[in-house]
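This is what each chain is made of:
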Amino acid sequence: MSQVLAPILPVLAAIGLMLANGVVLIYMLRKVLGHLHLRLGPVHVGPKGIVQTTADVLKLLSKEDIRPNGVDRWMYVLAPVVVFVPSLMAYAALPFSETLRITRLDTGLLYTFAVLSVVPLGVIMAGWSSANKYALIGALRAAAQQVAYEVPLLLSVLPVVMIVGSMDLAEIVAFQTGVWLGVVPRWFVVLLIPSFVIFMIAALCELNQTPFDMSEAESELVSGFATEYSSMKFGLIFLSEFSNSFVISALAVTLFFGGWTLPFVPDSVLAPIAPVVFVLKTYIGIFVFMWIRGTLPRVRIDHLMNLGWKWLIPISLAWLMLVGVVVKLVAPGGVA
Amino acid sequence: MSESVNGVAFVILAFASIGGAVGMLTTRNIIHAAFWLLEVMVAVGGLYLLLSAEFLAVVQILIYAGAVSVLMLFVIMLTLRRREDSVRPVEVSIGGGILAAVFGTVMYVAIARYGDRVGEMPIVVPDTAALGELLFTQWALPFEVASLVLLVALVGAVWWSREGDDR
Chain A
342 MSQVLAPILP VLAAIGLMLA NGVVLIYMLR KVLGHLHLRL GPVHVGPKGI
392 VQTTADVLKL LSKEDIRPNG VDRWMYVLAP VVVFVPSLMA YAALPFSETL
442 RITRLDTGLL YTFAVLSVVP LGVIMAGWSS ANKYALIGAL RAAAQQVAYE
492 VPLLLSVLPV VMIVGSMDLA EIVAFQTGVW LGVVPRWFVV LLIPSFVIFM
542 IAALCELNQT PFDMSEAESE LVSGFATEYS SMKFGLIFLS EFSNSFVISA
592 LAVTLFFGGW TLPFVPDSVL APIAPVVFVL KTYIGIFVFM WIRGTLPRVR
642 IDHLMNLGWK WLIPISLAWL MLVGVVVKLV APGGVA
Chain B
3 MSESVNGVAF VILAFASIGG AVGMLTTRNI IHAAFWLLEV MVAVGGLYLL
53 LSAEFLAVVQ ILIYAGAVSV LMLFVIMLTL RRREDSVRPV EVSIGGGILA
103 AVFGTVMYVA IARYGDRVGE MPIVVPDTAA LGELLFTQWA LPFEVASLVL
153 LVALVGAVWW SREGDDR
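Line order of the protein sequences matches chains A and B.
Heads up: the first sequence at position 51 corresponds to 392 in this note's numbering, and the numbers run straight through without jumps.
Heads up: the second sequence at position 160 corresponds to 162 in this note's numbering, and the numbers run straight through without jumps.
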């Protein structure tokens with residue numbers, strides 16, 4: 342294969358995965374939320390409504406691209422790109438199996454968080470350039486919320502890094518293979534439950550998901566920062582939101598649920614199906630996100646800020662210190 | 003091949019960072035200026051990556067692009083009373099011009115005289131763990147001083163923003 346083509350292929354694969362993930366997640370969201378609300382969800386197009394999303398995507402693609410008067414033209418056009426590109430970049434470090442990943446990064450975990458932290462900027466860009474009150478309020482809420490919850494999100498994964506002694510996602514997975522006492526899988530969710538709980542809360546907030554979907558609260562803000570977007574620009578913003586759900590869930594699986602590995606299954610059996618295991622675990626995580634979304638009401642913005650700054654950050658700092666001391670006691674002379 | 007690829011990437015990033023800085027200085031819209039600054043920060047992160055300083059690049063994106071510029075935009079948008087207020091006339095100040103000229107001269111002289119005294123790049127790039135160890139042993143004191151400065155700024159900001167007589 343030519344030297345130029347080889348590095349492009351993984352990128353194309355990531356885009357393909359992102360599109361497929363978007364279509365699957367929209368259908369899943371409609372079905373899961375439907376059944377949680379004692380409805381059926383889509384039923385008419387195809388068996389059990391399975392081609393409904395495909396039809397909707399085609400409709401979205403063929404829609405007129407409207408640009409309202411008075412928008413800040415360059416920023417309005419650039420914003421969906423600024424939202425989309427970091428979401429795509431976030432796939433670079435995810436380990437789907439021991440060999441299947443785009444690139445191996447020494448700082449894989451930090452890298453994924455870093456590129457995801459650029460997404461709120463695209464949101465602010467979209468909200469500001471739309472010249473619309475609702476869009477601007479939505480964007481500012483999103484910015485405040487995501488900046489606040491990035492801190493506990495990062496702090497919550499630090500204990501994992503401290504115990505493993507590496508930020509390489511593959512090494513974090515490798516550390517979690519095997520079982521304790523013959524029955525309990527060596528997953529970090531067992532060892533570090535507080536970290537996992539903080540991670541889940543902060544992740545829901547980063548994803549703008551109910552109960553923390555203040556930035557696009559339909560009943561108050563029309564559709565938040567995306568109000569003035571139509572056609573495929575809107576499509577890009579939503580694609581990147583679904584893709585972020587996938588990435589965060591994949592991170593949760595990698596950090597706390599042993600990534601592509603399964604306990605009690607020998608490596609020889611596992612090796613060919615590892616990516617499937619990883620994706621399945623990720624979708625279970627997404628299902629839990631949707632479950633929460635269908636169950637809990639929305640939190641008020643000031644409650645949300647209080648929870649973030651006055652509870653989650655102090656708790657995660659205290660927990661971090663505790664883990665640090667224990668790690669030092671258990672392994673004197675260094676973490677690694 | 004990688005040499006020429008690095009060269010192309012360097013030219014793009016160099017133009018992006020300098021062009022972004024020029025854009026930031028010349029735009030009349032304060033929001034646009036903030037976004038130009040963001041672009042400079044991302045481009046500088048890319049330059050770090052070219053130097054194999056992976057950790058520094060990632061932290062640059064995370065802190066400067068992801069947090070500092072979001073806060074900056076937040077502050078700008080909260081203090082603007084109307085959307086139209088974001089457009090300001092470009093103010094030409096003599097003092098600023100003199101300052102820029104002095105700074106430019108000093109930098110030019112410094113680079114012309116000492117530019118060739120750049121240390122040798124190590125063959126093996128130290129990994130993140132080695133960097134952390136160095137930071138918390140040999141450079142522990144400067145590190146703590148830096149964190150203390152940030153803490154003072156934080157406490158100061160809280161003190162300033164409190165209203166009423168109790169401050």
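Wrong hints could be hidden among the right ones.
What the hints assert, rightly or not - Distance condition first, Cα-Cα at most 20 angstroms in a straight line; then the derived SDA-like pairs of lysine to any residue:
1. Lys669/A with Val77/B
2. Lys400/A with Met573/A
3. Lys389/A with Val364/A
4. Lys474/A with Val77/B
Rather than coming from a laboratory, the hints here were simulated on the basis of the structure.
Small disclaimer: the values here were computed from a predicted structure and weren't measured.
Okay, the hints, checked on the actual structure:
Our distance criterion of 20 angstroms between C-alpha atoms is broken by Lys669/A and Val77/B, whose separation comes to about 41 angstroms. A distance of roughly 10 angstroms separates the Cα atoms of Lys400/A and Met573/A; the hinted pair therefore holds under the 20 angstroms criterion. Under the criterion of a C-alpha separation no larger than 20 angstroms, the hint pairing Lys389/A with Val364/A is consistent with the structure, at around 15 angstroms. A threshold of 20 angstroms between alpha carbons decides the hint, and for Lys474/A with Val77/B the separation of about 17 angstroms falls inside it, so the pair holds.
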